[in-house]
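Fit chain B to the known structure of chain A by using the hints.
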Amino acid sequence: MEQSILTDLKKAAKKSLKARDNELANSKMQLDILNGELFADGELPFFKDKIAETGQFPLRPKKLEILQINVGYMCNQVCNHCHVDAGPDRKEIMSRETMGQCLEVIRNTGAHTLDLTGGAPEMNPDFRWFVEEASKAGIQDFIVRSNLTIMLANKKYNDLPEFFKKHNVHVVSSMPHYTQGKTDKQRGDGVFDKSIKALQMLNEVGYGMTDSELRLDLVYNPSGAFLPADQAAMEHDFKKALKADFNIDFHNLFAITNLPISRFLDYLIASDNYEDYMYSLVEAYNPAAVENVMCTNTISVSWDGWLYDCDFNQMLDLKVASKVKHIKDFNDDMLSNRDIIISQHCYGCTAGAGSSCQGTVA
Amino acid sequence: MANSYYDPADLRKFGKITEWSEELGTKFFDYYGKVFEEGALSAREKSLIALAVAHVVKCPYCIDAYTKDGLQRGITKEEMMEAVHAGAAIESGATLVHGVQMMNKYDKLSM
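If you're matching them up, the sequences are chains A and B in order. Heads up: the first sequence begins at -15 in the numbering used here, then just goes up one per residue. Heads up: the second sequence begins at 2 in the numbering used here, then just goes up one per residue.
Watch out, some of these pointers could steer you wrong.
Claimed, not checked - Keeping only pairs whose Cα atoms sit at most 20 Å apart, straight-line, the calculated SDA-like set for lysine to any residue is:
| hint | chain 1 | residue 1 | chain 2 | residue 2 |
| --- | --- | --- | --- | --- |
| 1 | A | 223 | B | 45 |
| 2 | B | 69 | A | 216 |
| 3 | A | 224 | B | 77 |
In short, the hints are calculated from the structure, not lab data.
Next comes chain A alone, as it looks inside the complex (with noise of 0.2 Å):
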């Protein structure tokens, strides 16, 4: 490979891929990379047939437990591996109306986890709003996905930590290693000397402490073109560095697998690793895995509201197959009597132990 290619490969983008015109920004291509001849021509088998040999085959949901929730795609960072392409130049944004609706679901539903995600939650202008209402409506387990940051992008931000608290709101936030280098690349300059700022301030008001019951629990994501490493291994040696080094606390590490869509993909065809990634998510297959995956117990709703098996397939514009496909027409019943849409992107959360937003390992 071209060492200039590699070099640029290996620096942080300053740009979505929607903003770039790229042609992953286009899910049909991405469908279409994921179906194409690395599958159809045996090579490996679709994740369809794999299942099937458990007799898995088709995935349905099984009782309603999260919701979770997609308030906008932009975001203060351009991190290499985003699976939702987000960045600064995103402007899809949940309106008040939309979270209007959702908090309709949320006071009527039986889930009993609320997962605010992104982009940047904290960028859509709604969201202390959309929070304040939310918590009144007695969730057990009220999730907010912060890049770290976000609390240091802007003096209105710096508050976060407190506003987090007074809501009881669990933080679960990305942190890819414990070291400079491996952090910035993967998320850009200067991400790890403000990550560690946020976490020790998230710990100054009692996020993280051995018996707190304010949660914060951390995100690992490989950077680069490997699985993660088994999940309570990498927590004992984030833990022990993070102590050392920052003298900071938290509470549980979520391995997550970096699934083959968006910026990851692109990544992967670009530095020449999709086949061999394909196959290390083929080989590390865990029928086991499947039975905890998150879309068996997740709706995920996007910023305009429609309906999605996971947030992995809402970047695939998949909706669920349901004849309720928008939270305005939300409808417990009718949802949980559907198939789960899958691809060969699905093989992402059955690899090892599994990999789910949630921390859940087979």
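Only chain B this time, still in chain A's reference frame:
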């Protein structure tokens, strides 16, 4: 036939050696799997030993495999390079320690 002795894609086919000798192949992979489990040494430590040995025996498949394994375990590049140096130091030491044999022979043959 491939026109080079080493093809990176052959690593994926390693398991196929069992097809031509099931008993020995299976015994080997059982043993191999057991060796790298957590034990008195951690799986992480054993991964670094494997990486060092991979370099000493100059096995390109093993180097690919244990560089990736190290990345997966969160092993840093500094740790990986130190492991390679440990292997290289033993290998060069093994050459140099034979210098004593040379010296002995030289002395014996000289008046």
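Hint check:
| no. | hint | verdict |
| --- | --- | --- |
| 1 | A/223 - B/45 | holds, 16 Å |
| 2 | B/69 - A/216 | holds, 19 Å |
| 3 | A/224 - B/77 | holds, 15 Å |
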